[in-house]
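**Student:** Each chain is listed here by its residues.
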Amino acid sequence: MFKAEIEEVGLLKDSMKTISDLISEGLFQLTEDGIQLVAADPAMVGLVDFTLKEEVFETYEINEETKVGLNIENLYSILRRANSGDTITLSVDEDTSKFKIEMVNNSTRDFSLPILNLSEDDIPSVGDLDQFTFNTDLDTSVLEGAIKDAMVVSDAVTITADGDSLNISAEGDQSGVDFTVESGAEGVHEMSGSDAKSMFSLDYLSKMIGAKKLADTVTVKLGQDFPMRMEFTQPDQVDLNFVLAPRIEED
Amino acid sequence: MFKAEIEEVGLLKDSMKTISDLISEGLFQLTEDGIQLVAADPAMVGLVDFTLKEEVFETYEINEETKVGLNIENLYSILRRANSGDTITLSVDEDTSKFKIEMVNNSTRDFSLPILNLSEDDIPSVGDLDQFTFNTDLDTSVLEGAIKDAMVVSDAVTITADGDSLNISAEGDQSGVDFTVESGAEGVHEMSGSDAKSMFSLDYLSKMIGAKKLADTVTVKLGQDFPMRMEFTQPDQVDLNFVLAPRIEED
Amino acid sequence: MFKAEIEEVGLLKDSMKTISDLISEGLFQLTEDGIQLVAADPAMVGLVDFTLKEEVFETYEINEETKVGLNIENLYSILRRANSGDTITLSVDEDTSKFKIEMVNNSTRDFSLPILNLSEDDIPSVGDLDQFTFNTDLDTSVLEGAIKDAMVVSDAVTITADGDSLNISAEGDQSGVDFTVESGAEGVHEMSGSDAKSMFSLDYLSKMIGAKKLADTVTVKLGQDFPMRMEFTQPDQVDLNFVLAPRIEED
Chain A
811 MFKAEIEEVG LLKDSMKTIS DLISEGLFQL TEDGIQLVAA DPAMVGLVDF TLKEEVFETY
871 EINEETKVGL NIENLYSILR RANSGDTITL SVDEDTSKFK IEMVNNSTRD FSLPILNLSE
931 DDIPSVGDLD QFTFNTDLDT SVLEGAIKDA MVVSDAVTIT ADGDSLNISA EGDQSGVDFT
991 VESGAEGVHE MSGSDAKSMF SLDYLSKMIG AKKLADTVTV KLGQDFPMRM EFTQPDQVDL
1051 NFVLAPRIEE D
Chain B
811 MFKAEIEEVG LLKDSMKTIS DLISEGLFQL TEDGIQLVAA DPAMVGLVDF TLKEEVFETY
871 EINEETKVGL NIENLYSILR RANSGDTITL SVDEDTSKFK IEMVNNSTRD FSLPILNLSE
931 DDIPSVGDLD QFTFNTDLDT SVLEGAIKDA MVVSDAVTIT ADGDSLNISA EGDQSGVDFT
991 VESGAEGVHE MSGSDAKSMF SLDYLSKMIG AKKLADTVTV KLGQDFPMRM EFTQPDQVDL
1051 NFVLAPRIEE D
Chain C
811 MFKAEIEEVG LLKDSMKTIS DLISEGLFQL TEDGIQLVAA DPAMVGLVDF TLKEEVFETY
871 EINEETKVGL NIENLYSILR RANSGDTITL SVDEDTSKFK IEMVNNSTRD FSLPILNLSE
931 DDIPSVGDLD QFTFNTDLDT SVLEGAIKDA MVVSDAVTIT ADGDSLNISA EGDQSGVDFT
991 VESGAEGVHE MSGSDAKSMF SLDYLSKMIG AKKLADTVTV KLGQDFPMRM EFTQPDQVDL
1051 NFVLAPRIEE D
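The listed protein sequences correspond, in order, to chains A, B and C. Heads up: the first sequence begins at 811 in the numbering used here, then just goes up one per residue. Heads up: the second sequence begins at 811 in the numbering used here, then just goes up one per residue. Heads up: the third sequence begins at 811 in the numbering used here, then just goes up one per residue.
Chain A extracted, bound-state conformation:
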């Protein structure tokens, strides 16, 4: 039995919009602590690690941990129909194998979505990525600006860091862009660590930065030809973290 009621419609909508841009279906884990989704995109380049915490719900009833496979694009199509002011009740109907989404305001609207039979093998391991050498907390708008700048000239970006600065640059058909922020600059809240340098796909980055709606700041962790981790957090409400594999430069 699972039944959870949420008034923070925006949190749910914004999270699912960003995730559905990356991943079409996933196995949601319904636990006592909240709703969790860990899933990788089909190319295994980007990984989503999402938790909507029990505290954010008005009521939250669960009697045993359950996993439900859902089409995330369809889920988002339904959630888009929610208006602010609606109360959304999520529940699992085991008899019909449906995931139910009820939206109540002046009227009651009942949506249902089939529960998909997804393999648990599909849940990737988030792992302990202890090879991050660099860490920074930035305004999401700073990172978003650099990503959009880079998209003007290329489809990939090189991110280079040392303990005192973060550099984001891209080279395309002879055009280029280069952006640097120093530790202590406006919009940079924390910067520490040592040298890091990796190249990433702008297509994935531009989708992941969609999580800006959830948090004003983002924590970025980097290494040497190593994945990038981005953490968008609202304490006691939502964690939306991404791990993005590097592009290995061909010489």
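Simulated from the structure, these hints should not be mistaken for laboratory data. From a predicted model like this one, the values you see are computed outputs, not experimental measurements. Any given hint could turn out to be false.
Copies of the same chain look alike in the list, so a pair counts if it fits in one copy or across any two.
What the hints assert, rightly or not - Cut-off 30 Å, straight-line C-alpha distance, at most; resulting in silico cross-link-like pairs (DSSO-like, lysine-lysine):
1. LYS823 with LYS1007
2. LYS1007 with LYS908
3. LYS813 with LYS958
4. LYS958 with LYS1022
5. LYS863 with LYS827
Knowing the structure of chain A, use the given hints to seat chains B and C on it.
**Tutor:** Positioned in the frame of chain A, the structure of chains B and C alone reads:
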């Protein structure tokens, strides 16, 4: 001779926009009571019954009833160019067989449109559909919400009613949506009659609900596997009514 | 050596947007008086004559006149990324043969664009077109309205003038539009000369009228089956002039 001057530019634009989404050309009847259009879409599934009343015009001169065939999409393309504040004069130039649209503000802009040779047989009979068993007056926003919800999961909707409630539901690839309003609920102004149940195309319904710009409430009439009638009315100004044939469920 | 700093980001963006709609690459002339571009579209139907004056820059350093060939679409893609409040520094890096665009605000963003090897033969002669017989200063909104009206019915427009009025008309598949402004009407600041009549492409006109963002009024010069000249000017800041070849009517 026909010449009519209107300042309510929005009424004319909004009506033609909605009608042009359904029907590409039609035979307008210019009468002493106003401008009328009765036309069905090529598939004969949806019927439009439109009257722009003589009272809405600043001046209205006609010496004999006339029928003019017009391309409604082209008419709307021209009307889109009208600004609020313009005075529009509609007239028929019999010599050149043109329908004239003059827009006057600081400047004068004269548009003309060819009068098409459409057969009068093309005017469908609106008929007396006396087999409606159910009738309700709703806020257009309530009906529009239910239509948009249903479009998320399917391309057809089942509308079921009894004297006390109206249910709109849709089933698609295993997903579903179900919406009910009771008599007396917010946004429901009148509900009467007995059982009714029919299935309708969401493509047509979503185009017809475009008439929401003309009226805040809509009258809906239903029967048993029977057409649906929707009436959007501004008293003494405009009537835009639709009749939509049901989809017959295949068992 | 060329280095110029500008805070009027909008002027630069708006100019390049309009020009890039017409012309994909051009040879910019960097002179003591400012930045100039004279270029024709590949079909040689429309000619752009653009000057961004030295006075509009915060600082402007040049030691010898230089010509730099640039892809204007790519230049505009980069300029789009500038925000109001940014200071933009344009410079030429002769060593790497790059045109540099630096945007400084809280952060510094460095863009570079390759300098193209364009032939000077590609600079068309603006010439002294002394066969204009008619001249008017209009609000750009008046000209824009007439162009958009005409686009509803056709892809070409006939502009007819005498000393006292300007007529813009278009005929398409039996539909038509006709617009006249008289000397002295609202939005007409000056009108003089004698008879003029020519036909022009609406595709080009609709792109050229994009320069409305630069100036509230436009000077239009016409002749008899002769090119049209349009001048958008902000004194001491920017001149964006167009010459558009007439379409010769086939009888």
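**Student:** For every hint, state whether the structure bears it out.
**Tutor:** Taking the hints in turn, this is what the structure says about them:
{"no.": "1", "hint": "LYS823 with LYS1007", "result": "neither (34 Å within a copy, 34 Å between copies)"}
{"no.": "2", "hint": "LYS1007 with LYS908", "result": "between (46 Å within a copy, 25 Å between copies)"}
{"no.": "3", "hint": "LYS813 with LYS958", "result": "between (40 Å within a copy, 26 Å between copies)"}
{"no.": "4", "hint": "LYS958 with LYS1022", "result": "both (13 Å within a copy, 28 Å between copies)"}
{"no.": "5", "hint": "LYS863 with LYS827", "result": "within (18 Å within a copy, 46 Å between copies)"}
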